[in-house]
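Required output: the full structure, derived from the provided sequences and hints.
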Amino acid sequence: MAIFYRTPYRHLQTRERGPLSKIPPGSDVFEAFSKARADKDLTDEEAFLELLATYDIPLSTLAKISTQKLEVSFSNVTFQQIAPYVWLDPSRAGLDILRLDIYRSRIPTDMFRDIYCCQ
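If you're matching positions, the sequence shown starts at 847 in this note's numbering and goes up one per residue.
These aren't lab readings, by the way, just hints derived from the structure by calculation. C-beta atoms are modelled at their ideal positions from N, C-alpha and C, and glycine is treated no differently.
Think about it this way: if two alpha-carbon atoms lie no more than 20 angstroms apart in a straight line, the pair counts; the simulated DMTMM-like pairs of lysine to aspartate or glutamate are:
| no. | residue 1 | residue 2 |
| --- | --- | --- |
| 1 | 886 | 896 |
| 2 | 868 | 885 |
| 3 | 910 | 892 |
| 4 | 910 | 877 |
The calculated label-pair distances, taken between Cβ atoms and stated as ranges, are:
| no. | residue 1 | residue 2 | range |
| --- | --- | --- | --- |
| 5 | 889 | 937 | 15 to 21 angstroms |
| 6 | 960 | 902 | 36 to 42 angstroms |
| 7 | 939 | 898 | 19 to 25 angstroms |
Structure (structure tokens):
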């Protein structure tokens, strides 16, 4: 069961950065992946996230390589590893997760209350 921490409402934080880079000419996604992994001593999963955060890769290419060619499994990725990629501070252990305001839409009242009370 997931635990959601209730925090005061704040504006959603976004990462300030310019446009994503193109993969260098003469290279392919696998070379960029290998370089990211080797340069920063990353796991396969961390290198894949770094690839997504650095390069503008078409979704069709990502779908093909992530399911067919890269041995990446996010089953064992820890919060400490994923937090920087979703604008959270790993040292805060999830305490900086923003509250999600939800509104009921075509669901029974009891179900809405069950969802809302779990936050």
